[in-house]
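Peer 1: As a plain string of letters, each chain reads:
Number of protein chains: 2
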Amino acid sequence: MARILGRIYKGFQRLGSLSSTQTPLRHPPPTVSVRGTTFIRTMVALPSLFSSKPRDFSLPNSSWGSEMMRLYEHYNSQCEVETEGGEKQEGPWQRLPSYNRLLKYATGGVYLSKIIQSKARLFTRNIRDPGAAFEYVLFVNSEEQKCICIFQAGHLLEGPPGHVHGGAIATMIDTVTGTHATILSGPVMTANLNINYRSPIPLGSTVLLESSLEKKEGRKTLISCKVTSSDGSKLHTETTALFLSINFSHLLLGE
Amino acid sequence: MARILGRIYKGFQRLGSLSSTQTPLRHPPPTVSVRGTTFIRTMVALPSLFSSKPRDFSLPNSSWGSEMMRLYEHYNSQCEVETEGGEKQEGPWQRLPSYNRLLKYATGGVYLSKIIQSKARLFTRNIRDPGAAFEYVLFVNSEEQKCICIFQAGHLLEGPPGHVHGGAIATMIDTVTGTHATILSGPVMTANLNINYRSPIPLGSTVLLESSLEKKEGRKTLISCKVTSSDGSKLHTETTALFLSINFSHLLLGE
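Which chain is which? The protein sequence lines are A and B, in order. Position 237 of the first sequence, counting from 1, maps to 237 under this note's numbering, and the rest follow consecutively. Position 182 of the second sequence, counting from 1, maps to 182 under this note's numbering, and the rest follow consecutively.
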């Protein structure tokens, strides 16, 4: 698993470094037209803001409640195990780091404007105030082809009074299943989300998302995902999610 | 249409005023246990912050681009029409106001804590910086049983580089179809969202969501929704959304 993650990680890094070394900053930026819409095409190094050490949003912070911490420690303790000889080695689970820009790794991109490009932030990490919105951490288990996400839903995610917005739940499901599909199949795009909402999630509570591979066939990766209460006793949603493999450079370079 | 909306509006107002006059602020707040979870139950008037004139987020602001404004004016001009005699009367479309708390209307609620209750904000209106996240306005047409939403996707909604997060699109679909179902059937909860993603939405662009009633049967309301480019030429997503009628007081009062 770590090897796969390592490859993905290095692939993204390579993309980033390639793009930043091969194509220096140019003025004015080149444009590209996709189905009648003119985009600014950028293959430039981002400001040092992004090239220095970025904040990893999936590490504990002061807003994490006891349930979030308990579950984090449960999975995190299984990321490294000790052999009988006292050596440390990879455990069954691996924690995934999380940043507020995909462009940390891949500095290419096709944007409608330079302003949008410079200000763009990952939807699930767009609020810096700890605990206010999406607090979550993902762990993957390659042996079991599973992905786990511990999610604490902050006060800015309200839908029905006192409960999490259905769209915020869908957002976490898309995030977890999409990450899982990417690990299993490389770059993908969401083709279908079919979400059954069984019971509402109280605002402020911590829930578990668990995704499993159902099927891989050609370009298709089918993932199932359950959202349950943190002790697993209550089912909140059940989902099937279909992803299609894509050539990432199409999206990234507008080619 | 306006009559229906008026009834809903007055119903919410009545709920709010009833709850705030019948149950004054008490310390400590009463608690209620729902399936093993203890909530703070509040039936109190919210601070004057919410009882004075709230900001209507669905009115134009400086961040709205030309496409957003053009479509807004197109539908807004059909909200009031002039008769042959020169009198003004309701047109086929009605604009829906939009606030950042449901509790503007209904001051009851069941929350895990008083802090969460006081800080809770509607997910789609949780960022005050104009243009940064969800800019949208809904219009309803009772004659055609349709709902239209004009949506400009801000830079904080990024998923794939340069494009809107699938969860942010799902959030707008849930918002539009849920509002439509509520107008048609009274209080509802989302039971199923089945979203087919056909083509990604460039970050910063303006798109149209159009929802239509498919079927009403007992407690079920089935709505379909398309997301297209602002000129309707490009299909981004197709969705069916199922809603179940609920007794709103169950959710609101924890009873």
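Read the hints as simulated data drawn from the structure, not as lab findings. Keep in mind that the hints are not guaranteed to be accurate.
If chains are identical, the list can't say which one is meant, so a pair holds when it fits in one copy or spans any two.
Said to hold, decoys possible - Subject to a maximum C-alpha distance of 20 Å in a straight line, what follows is the list of computed DMTMM-like cross-link-like pairs (lysine to aspartate or glutamate):
1) 53 / 80
2) 215 / 90
3) 114 / 129
4) 88 / 129
5) 114 / 67
6) 53 / 214
Peer 1: Are the hints correct? Go through all of them and say.
Peer 2: Hint check:
1. 53 / 80: Intra 24 Å, inter 55 Å, cutoff 20 Å: neither.
2. 215 / 90: neither (26 Å within a copy, 53 Å between copies)
3. 114 / 129: Classified as between; 19 Å across copies, 26 Å inside a copy.
4. 88 / 129: Neither way: residue 88 and residue 129 sit 36 Å apart in one copy and 48 Å across, limit 20 Å.
5. 114 / 67: between (41 Å within a copy, 19 Å between copies)
6. 53 / 214: neither (36 Å within a copy, 51 Å between copies)
Hints 1, 2, 4 and 6 from the earlier list are contradicted by this structure; the remaining hints agree with it.
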